[in-house]
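Colleague: Mind docking chains B, C and D on chain A? Use the hints.
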Amino acid sequence: MTARMFASAIVLSISCAATAALAQAPIKVGAFLSITGPAAFLGDPEQKTLEMYVERINASGGVAGRKLELVVYDDAGDAEKARTFARRLLEQDKVDVLVGGSTTGTTMAAVPLAEQAQTPFISLAGAVGIVEPVKKWVFKTPHTDRMACEKVFADMRARKLVKVAIISGTGGFDKSMRGECLKVAGNFGVEVVADESYGAADTDMSAQLTKIRGNAAVQAVLNAGFGQGPAIVTRNYRQLGLAMPLYQSHGVASAEYVKLAGSAAEGVRLPAAALLVADILPDTDKQKPVVVAYKHDYEARYKSEVSAFGGHAYDGLMLAVDAMKRAGGADKAKVRDALEATRGYVGTGGVVNMTATDHMGLDETAFRMLEVKNGAWVLVR
Amino acid sequence: MTGMWLQFLVTGITVGAIYALVAIGFSIVFNASNVINFAQGEFVMIGGMSAVSLLATGIPMTLALPGAVAVAAIVGLVVEKLAIERARRADVVPLIIITIGASIFLRGLAQLVFDKSVHRLPPLAGERPLDVFGAAVVPQSLWVIGVTLVIVVALTLFFHRTRAGKAMRAVSHNRLAAELVGIDVRKVLRASFGLAAALGAVGGVLIAPIAFTSYDAGIMLGLKGFAAAMLGGLGSFPGAVAGGLTLGVLESAGAGYVSSAYKDAIAFVILLAVLLLRPDGLLGARSRDRV
Amino acid sequence: MDSSVHVPATASSARPALARRAARHRLLVALAVVAGALPPLVGNGYFYDVAILVAFNAVVCVGLNLLIGYAGQVSLGHAGFYGLGGYGTALLASKYAWPSLLALGAAAAAVALIAFVVARPILKLRGHYLAMATLGLGIIVSIVLATEDRITGGPDGMQVPPLAVAGVAVSGELAWYAIAVGTLLAAVWIASNLVASPAGRALRALHTSEVAAQVAGIDVARYKLLAFVLSAALAALAGGLAAFHAGFVTPATASFLRSIEFVTMVVFGGMASTAGAIVGAAVLTLLPQVLTALRDYETIVFGAILVATMIFLPRGIVPALARLARGTRWMR
Amino acid sequence: MDAVTCLRVDGVTKSFGGVTAVDDVTFGIDGGVVHAIIGPNGAGKTTLINLLSGVYRPTRGRIVFDSRELTHAPAHAFGAAGIARTFQTPQVFGNMSVVENVMTGRHRLLRHALWPTLVHARSLARAERDSRAHAQALLRLLGLADQAEASPAALSFGAQKRLEIARALASEPALLLLDEPAAGLNATEAREIGRVIRHLAERGVGVVLVEHDMRLVMGVSDRILVLQDGRCLCEGSADDVRNDARVIDAYLGAGDGHA
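Protein chains in written order, with numbering that gives the first Met the number 0: chain A, 0 to 380; chain B, 0 to 290; chain C, 0 to 331; chain D, 0 to 258.
Don't read these hints as lab results, they were simulated from the structure.
From the three backbone atoms N, C-alpha and C, an ideal C-beta is built for every residue, glycine too.
Wrong hints could be hidden among the right ones.
[Said to hold, decoys possible] Simulated restraints, written as ranges between beta carbons of each label pair:
| no. | chain 1 | residue 1 | chain 2 | residue 2 | range |
| --- | --- | --- | --- | --- | --- |
| 1 | D | R125 | C | A108 | 28 to 34 Å |
| 2 | C | Q158 | A | K372 | 42 to 48 Å |
| 3 | C | G126 | D | W114 | 49 to 55 Å |
| 4 | D | M213 | C | H24 | 53 to 59 Å |
Here chain A stands alone, though its shape is the one from the complex:
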């Protein structure tokens, strides 16, 4: 009896969906983001960014004569939920393009579905594995963690720091970045002499850092981390009196990190996109107008500071819009081809040049090496 009730509930929701589809068809942008849960600090700015810019684009006439319609679901960072929502976006909401997957895990869960449904999919997550090997319908906006490693190691080499300790969290981002860093360290003549980790919800990393302190060979420490962990690492680092240079990853490239870590963050370096230092970029910088505009728009509307993650969503949406404009509509195959043909798109993450073998289109010049000075980010050199 109850089962029948659910059946009718399902029927009801189908018919609702059908009526909605009858309206003058807008272009549908589907997003599944980790708006709550442990990765909420990714999904939250991403969602806000998407909502704000979809509104703006519609206010200025939409794309190719059609309005945009944004459909967002919260996967709470759970890959299985992400998969179901991706499916819902593709099959029930019938979106024209997918933006999202705040984390690598949620992205990977949706990749086979997007491929199967032959729908362009722009991921907002970091791992190289998303676009390597190249998947026909899958693109991504953020730099990869490998590029971050390369940027950090290049900087270390320049400072003659060759014996390095890595401390990383146990989350997906952390582990992936740690793995990539271990792989490319040798290319820069850097040797990893200590390798520690901490749990995502840990409240104190003194124990791990004490071990690193006990290792006399260590000349620098790299924290491959994400979320609040790196801020705790930074504070414990200073409390324990560790004096060698500390590097963080692009995973904490936000003002929030500096706020949480407080004075302990002084001197910390990390690779990040131009967005974080929008206002101090030289005027000659190509990205300056884009990042300054986005930063001011976002901060004016939401009264909170921008993070690189919102920028990834901005780039994802704008890349899709750009491709649709060039494709003259929302035809999936045409949009995909147009995406792959993106050249010289200037976004918050860098200048994007996609090719058939590169579905990200960024190179390491997009990363800036930043340092915390007097509680603010400054460009190194």
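Modeller: Just chains B, C and D now, with coordinates in the frame of chain A:
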């Protein structure tokens, strides 16, 4: 490095003291009502987040911190009134679900009332670490340990010297007898929820300068507090303190000497071992035969 | 002494026996009818997806209900078995290239073995202590799955090859739907058989009074073990199938929150009621899909629904509905 | 039916912490014989029953049943061996019907292979049918036939006690331990219990009866064991015990007015 084990010990005791506060909360509620309140961890979060919000409005620390504890205590009373009191006759498992539902509700509410980002409270007394035989000790750690100590002493006095405290103990020993001698059991129940929530909030306020706080910070702390209460013996205050400190030090030493990835696993393996060898916890009373 | 009490059997119980048999099968038939009626109503892959999810969760809950509802032993760690089933199946099918069904069966058997080994000591614990121990067990499993990244792929999970039966890959949502519903029907059949047997009475007996059950000659430890192992095996089976269906597994499948979700489904639907376990699984799987429209209010509403249901219907939805419908008997 | 000694209790002692509840008790129980155990409150009667049914393990001494050593066996082994019992406060299974309660009593007589259980094999179905019929007959014997499908929670205290007896009988026990079966019953009900006890004894069942109702004890018992402070004060026929000066002293000394 002689400072190494000392460092682990200090770190472990600091975190362990917070676990102990949460565990005491579990025990107080359990003694009064036989309920395991899975929402206990949320009071830690509410304490921390309320303090952050109150400070943001410009209220000075001396008012904001007690204010945050009061907010949590009020929420505790409301939860008791709206959820637990109505379900007093429910079985153990539905009660577990009710408290889990309450914790989900509170987390959702915190998301709306506060926000989703991570916050830090300023420490009570500076940030410059003290050097104790080679171990770096943050002043806040001393605060955590000191306040926990004071609370444990105060609670002991409360439960043994005051009328209200004795009434609460009487209820936990024998509810029927307590009712017969004229103790208002419902009042006691409500008071224990308020007290447990306040204790959790104190933990939340104390730990936020070290470990930060956010709307979902309560899950893990609640879980660890529950484990600590179990480890020490559910319902026993000395047990809760011993359990909390043991768990904290084990975790810290596990991370330092064995594997930081397996530190939580180590803690739970030891907890399982203790449960299997001493099913009533380290300091719990042996349960009696049931016929 | 051999015929201490002689009582002649009479034919008077023939009719109730028939009725009871019908009762045992009524749920099965009702379920089959509902499941069979759904496909024409279902529009697209997404709905199949949700229905399949419901079925897999229901398989776990039907098993877990034997343990929690009938035997009265709480487990807050069953997602651990679900996750192990998923990972075991994935590893055997991908790394060792075993045939799908063999991988699935072997993983479920291995999980049953693990459950068998841990059950004896753990099930000596009672009430909250048992809850804590099973919770710890589940957390240990999820930590191992997330940490041993060389084998499991770490927090991002691992890919699972498609399910192939007799060399033919299962594709298409209808096929998957049939598999999921078929598995659920089998689980329900087994569970109802068990409940209606001496073993089922033994489980219910030890739930009320372990001493009285023992005095009746019931080896309490053995029956707790049976319920624990059977529920673990069903969870592992569902986990393995879900892994095949999703094409990947992540450590989140074994998380503490997932364990809580399973228990909530069982209690929400109604303890000691197989129909309740299914309804609980269905409602709590569908609810987030519906509530997602509420955005920021989703969590808060979900929590409120949980609390309110348990306060007003402490025995769960199905027993409450059954009492309402006054057809109390068949739902049991 | 031979009056073989089916249960031997040899020097059994049970201590809880420093308190010795049962102290060096030795006696034998024969099939077809009703043994009463009497004594003032706190004499250790219920502890003794708990020892005989395996609920407690003896601190010292041996329990041998039907030439099987049960001293250290788990409780269910006692039940499985054919020792059934009832409780002072009825322990009925509230989550099943009255008739299912009785069927549960038959547990030791049923086969429990896993496979037939899971697939509900024909043999199992047949056994279940027989088991139900048998249970219903027992319910008739104890006057509960009308409530077969009811919940035991709906039964009166007296009816619950009779249900427990029916459940105990369902296992076709060789030895039945009754812990105060008449407590809380009215005179008619108590007489009815006495009739059932005699009926069982005639069929060869050994019965151990712990009871305060002396009219019942004297009416049905073949032999009586008197306990005081955990020790065996005396054992003999009803008349022997009635006339034993020590027994009278014990009861008067304990200030218990039951005798």
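Colleague: So, against the hints stated earlier in the document, which numbers end up violated here?
Modeller: 3
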